[in-house]
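Chemist: Residues per chain are reported as follows:
Number of protein chains: 2
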Amino acid sequence: MALRKFTLFPYCQLNAVSCLLNRQLPKGVRCVSTVLVPGEPSGPCVKTTIPGPKSLQMIADLDKIQFAGSIFYFTDIKNSLGNYIVDADGNSILDLLTQISSLPLGYNHPDLLKVLQDPDNHIAFINRPALAIFPTQGWPEKLTSSLLSVAPKGHTQVTTMACGACSNENAFKSTFMWYRNKQRGGAPITDEEHSSCLVNKGPGSTPFTIMSFKGSFHGQTLACLTTTHSRSVFKLDFPALDWPIASFPRYKYPLEDHIKENEAEDRRCLAEVEEQFEIYNKAGKFVAGVVVEPIQAEGGDVHASPEFFRELQRITKKNGAALILDEVQTGGGATGKYWCHEHFNLPDPVDIVTFSKKMLTGGFYSLPEFRPQQGLKIFNTWMGDPTKVLLLEKVLQVVKRDNLLKMVELSGKKLMDGLKDLSRRFPQHMQNVRGIGTFCAFDSGSQQKRDETFFRLQQHGIQPGPCGEQTIRLRPSLVFQPKHADIFLDILEKVLKEIQTP
Amino acid sequence: MALRKFTLFPYCQLNAVSCLLNRQLPKGVRCVSTVLVPGEPSGPCVKTTIPGPKSLQMIADLDKIQFAGSIFYFTDIKNSLGNYIVDADGNSILDLLTQISSLPLGYNHPDLLKVLQDPDNHIAFINRPALAIFPTQGWPEKLTSSLLSVAPKGHTQVTTMACGACSNENAFKSTFMWYRNKQRGGAPITDEEHSSCLVNKGPGSTPFTIMSFKGSFHGQTLACLTTTHSRSVFKLDFPALDWPIASFPRYKYPLEDHIKENEAEDRRCLAEVEEQFEIYNKAGKFVAGVVVEPIQAEGGDVHASPEFFRELQRITKKNGAALILDEVQTGGGATGKYWCHEHFNLPDPVDIVTFSKKMLTGGFYSLPEFRPQQGLKIFNTWMGDPTKVLLLEKVLQVVKRDNLLKMVELSGKKLMDGLKDLSRRFPQHMQNVRGIGTFCAFDSGSQQKRDETFFRLQQHGIQPGPCGEQTIRLRPSLVFQPKHADIFLDILEKVLKEIQTP
Numbered sequence: 001m002a003l004r005k006f007t008l009f010p011y012c013q014l015n016a017v018s019c020l021l022n023r024q025l026p027k028g029v030r031c032v033s034t035v036l037v038p039g040e041p042s043g044p045c046v047k048t049t050i051p052g053p054k055s056l057q058m059i060a061d062l063d064k065i066q067f068a069g070s071i072f073y074f075t076d077i078k079n080s081l082g083n084y085i086v087d088a089d090g091n092s093i094l095d096l097l098t099q100i101s102s103l104p105l106g107y108n109h110p111d112l113l114k115v116l117q118d119p120d121n122h123i124a125f126i127n128r129p130a131l132a133i134f135p136t137q138g139w140p141e142k143l144t145s146s147l148l149s150v151a152p153k154g155h156t157q158v159t160t161m162a163c164g165a166c167s168n169e170n171a172f173k174s175t176f177m178w179y180r181n182k183q184r185g186g187a188p189i190t191d192e193e194h195s196s197c198l199v200n201k202g203p204g205s206t207p208f209t210i211m212s213f214k215g216s217f218h219g220q221t222l223a224c225l226t227t228t229h230s231r232s233v234f235k236l237d238f239p240a241l242d243w244p245i246a247s248f249p250r251y252k253y254p255l256e257d258h259i260k261e262n263e264a265e266d267r268r269c270l271a272e273v274e275e276q277f278e279i280y281n282k283a284g285k286f287v288a289g290v291v292v293e294p295i296q297a298e299g300g301d302v303h304a305s306p307e308f309f310r311e312l313q314r315i316t317k318k319n320g321a322a323l324i325l326d327e328v329q330t331g332g333g334a335t336g337k338y339w340c341h342e343h344f345n346l347p348d349p350v351d352i353v354t355f356s357k358k359m360l361t362g363g364f365y366s367l368p369e370f371r372p373q374q375g376l377k378i379f380n381t382w383m384g385d386p387t388k389v390l391l392l393e394k395v396l397q398v399v400k401r402d403n404l405l406k407m408v409e410l411s412g413k414k415l416m417d418g419l420k421d422l423s424r425r426f427p428q429h430m431q432n433v434r435g436i437g438t439f440c441a442f443d444s445g446s447q448q449k450r451d452e453t454f455f456r457l458q459q460h461g462i463q464p465g466p467c468g469e470q471t472i473r474l475r476p477s478l479v480f481q482p483k484h485a486d487i488f489l490d491i492l493e494k495v496l497k498e499i500q501t502p
Numbered sequence: 001m002a003l004r005k006f007t008l009f010p011y012c013q014l015n016a017v018s019c020l021l022n023r024q025l026p027k028g029v030r031c032v033s034t035v036l037v038p039g040e041p042s043g044p045c046v047k048t049t050i051p052g053p054k055s056l057q058m059i060a061d062l063d064k065i066q067f068a069g070s071i072f073y074f075t076d077i078k079n080s081l082g083n084y085i086v087d088a089d090g091n092s093i094l095d096l097l098t099q100i101s102s103l104p105l106g107y108n109h110p111d112l113l114k115v116l117q118d119p120d121n122h123i124a125f126i127n128r129p130a131l132a133i134f135p136t137q138g139w140p141e142k143l144t145s146s147l148l149s150v151a152p153k154g155h156t157q158v159t160t161m162a163c164g165a166c167s168n169e170n171a172f173k174s175t176f177m178w179y180r181n182k183q184r185g186g187a188p189i190t191d192e193e194h195s196s197c198l199v200n201k202g203p204g205s206t207p208f209t210i211m212s213f214k215g216s217f218h219g220q221t222l223a224c225l226t227t228t229h230s231r232s233v234f235k236l237d238f239p240a241l242d243w244p245i246a247s248f249p250r251y252k253y254p255l256e257d258h259i260k261e262n263e264a265e266d267r268r269c270l271a272e273v274e275e276q277f278e279i280y281n282k283a284g285k286f287v288a289g290v291v292v293e294p295i296q297a298e299g300g301d302v303h304a305s306p307e308f309f310r311e312l313q314r315i316t317k318k319n320g321a322a323l324i325l326d327e328v329q330t331g332g333g334a335t336g337k338y339w340c341h342e343h344f345n346l347p348d349p350v351d352i353v354t355f356s357k358k359m360l361t362g363g364f365y366s367l368p369e370f371r372p373q374q375g376l377k378i379f380n381t382w383m384g385d386p387t388k389v390l391l392l393e394k395v396l397q398v399v400k401r402d403n404l405l406k407m408v409e410l411s412g413k414k415l416m417d418g419l420k421d422l423s424r425r426f427p428q429h430m431q432n433v434r435g436i437g438t439f440c441a442f443d444s445g446s447q448q449k450r451d452e453t454f455f456r457l458q459q460h461g462i463q464p465g466p467c468g469e470q471t472i473r474l475r476p477s478l479v480f481q482p483k484h485a486d487i488f489l490d491i492l493e494k495v496l497k498e499i500q501t502p
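Going line by line, the protein sequences match chains A and B. Oh and the first sequence: position 430 is 430 in full-length UniProt numbering, straight run, nothing missing. Oh and the second sequence: position 445 is 445 in full-length UniProt numbering, straight run, nothing missing.
These aren't lab readings, by the way, just hints derived from the structure by calculation. Computed from a prediction, not measured in an experiment: that's the story for all the values here. Treat the hints with caution; some may be incorrect.
No distinction is drawn between identical chains; accordingly, a pair holds when it is met within one copy or between any pair of copies.
Heads up, simulated DSSO-like pairs for lysine-lysine below, C-alpha to C-alpha not over 27 Å straight-line [as the list claims (entries may be wrong)]: (1) Lys64 to Lys142; (2) Lys142 to Lys114; (3) Lys201 to Lys282; (4) Lys114 to Lys78.
Start from the sequences, fold in the hints, and give me the full structure.
Modeler: Right under this line is the structure:
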């Protein structure tokens, strides 16, 4: 196995430009150029091919116990820090995937470590409650100081769950209950409803549906999977429900050169939404809700315009259905706002917003009319995990103190400018640069080219994310600074040159 | 609000009888009469009605944020210890529900606290990995020393998940893949399969089904909910799939007086299983698997005979389907074995065994032929949580060191003997006593009577669990000792006398 030595780039200095912002900062908020995670390496350091021999041995060991075919490499989590993940072979890699976009503050953030070092917190970790029956005292205050402190506009209600899929499953269930209650119009529930649902029959079991979009990803449990359409690997061999599907816009880039085409694309997709409502409602398979990602992430970072989402909200409302925004991947700050849909200036609050990943806990915000009328309907044993909320509370404090959403904006601008420049210079290998904040992506022209770019970046100490058929997505944590963007862009340029003249 | 004073019972002494076992114990294993959680109260102590005024205020506070109608009371987790949960009003309650059967060692077990106090463990809690892409080094060893060390007979493969519902959803998916691959017989996957599944159509999306039993509970996400049939509250207003359902035996008690009737009941239910296989397979809605609880827990602690399960395994195998045992509630030691189905002497290993709750992590064991052929099919962002496995590893050490499965057997015998005695003395209020280990239950004759027994037990400082329509279930932790059984039985007797002569 060939060992590869990688020359470090001199990027450990503070980024001077961003310090200009210092004067505009509110009191108590740190300058964005501060070292956010003390002790972070000054750049990647690659000693072996990736995965290296130790990771390969560990993958073989794990494969004796479970299928291990999707593993990139094993990690040395103790030595990982900030934006740098260290693998089992000692390679220090600038991480732009961050555990599939789920690490808000990178690795071993000192403030999170303090949460664990505080003995008062230890009991929370060893006494996991059944939250919907025996919550711990202080729980309402904890929800208020964490999840509700960053709630989307108009939201006062939040329910925790263990993961993204459970959050979407329960968002769908909240939608079905709400729709059925509207249909009932106050009429009491009949004995026939109670008895029929026990054997999966109507009228107790409902023929309701959730509309979703081609290319979307909403998770891999059965209802979620029915609304997922990004890649066949997720769906093949499993049953699916007959629920409506509409097209999601596929824009031409650069956007500014294709305004008319892209507006027409919006109209085409929205017409499909209207049509699906009509077909399914007419057939009695009433569309109770529409679920949509603000940016289709797994599906290839597919963006749609604010106008598209505003019109989608109008059509959904007109049809008496709920709009469910799946912010599992887009939420948590990577777009420069806690919720990506806050970039869309929607006229009304979204009915339900689901989250997980960077929020550390799964769950959803929902308008008051989506509250269950009865216990045990939106329910499971644990209903999330208070220790994740405890950590989230600290994350949100750090985001505020260190002005990290501003950092996302700055680093995102640096990334986007650099990516656009590279795309102009290497048009055969980089197209359709797009992004909000650091939630950025570009296409490679083919799956084979994407895989080559991905592999070479990894060997040079950059961990990007693949998505869709030919896309590289960037999902750094919120402590990703312009200096890290510089390192990444320099290495990407180097890789593109290697590919161009092998 | 009336305050109630409760006289403490003198049950702090060690149970002398159980010490007789001392001589039979293997080296290094503690005598079961040892104080298992030092500092535990000697009995319940009730100062207010339950829920008390502080809990009621907290429930009102939480209800502003989310529906809080299923909450019993808020807890003072810091002051809870061993078998005793302390509520927000300072009531110390002997807990026979233990967070819906999910606390293996009760509250604040000193050995679990040590896991949190060890600084080497802190990093695991603040760096949650995406386990199917970037596992932490040492992960295969951790799975081996924890979950695989107590694997059911014949199992070498384990996959972690976040919760019980996700475990069952993925057990179903593993079953569908396995069934489809058998059907393919090695033929390659076609383009049509890939493209059709993306829009939820065949042949890529399959018409396969999972058979389940009346009265069962397998979780509340959509596929799980389709197989759940215990109570209408869980199912009403939600869509359900057309999947086969068979009857689960309903025995007459005492078992020894109704052998013939109960054998006939087994035959009736198994005939329904055969019939459902025939109907659904003939209709092309192939039954890929049968999911069943070893004891229907939420549905009212409904037991079936080992003979029933052995015959069910035979019929399932004959029909080319997989047998999935949902041990989410029965697993983890409460029956005196780690897996309840180990009491059934099944001729072959079960295809898939799902778990959660007392195992702290969700997940499933599955035979090697159920491994996916490809990555990302049994997949989500986190794939469980290594910190739960870290705690589980310690739990399993304590169970072994303190001989807790033996303790379950002893305490269970004490419980069952006492319950049977009370049932004979109060036949109008207690019937159908049943149980394995401490996984015990009895019926009250009606929902109203059950609710009264439940309420009065709570007011006397006992936290039982309700299930089914008229059942009280007991779900103590594994540190529940004969002395705790004595306390419970004395208070239950007191309550039954109160009810009999109000």
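Chemist: With 27 Å as the alpha-carbon cut-off, assign the pair lysine 64 and lysine 142 to within, between, both or neither.
Modeler: For lysine 64 and lysine 142, only the inter-copy Cα distance (13 Å) is at most 27 Å; the intra-copy one is 42 Å.
Chemist: Given a CA cutoff of 27 Å, do lysine 201 and lysine 282 count as a within-copy pair, a between-copy pair, both, or neither?
Modeler: both (20 Å within a copy, 21 Å between copies)
Chemist: Classify it for me, lysine 142 with lysine 114: is the Cα-Cα distance of at most 27 Å met within a copy, between copies, both or neither?
Modeler: both (18 Å within a copy, 25 Å between copies)
Chemist: When Cα atoms must be at most 27 Å apart, do lysine 114 and lysine 78 count as within-copy, between-copy, both, or neither?
Modeler: both (15 Å within a copy, 19 Å between copies)
Every hint from the earlier list agrees with this structure, and none is contradicted.
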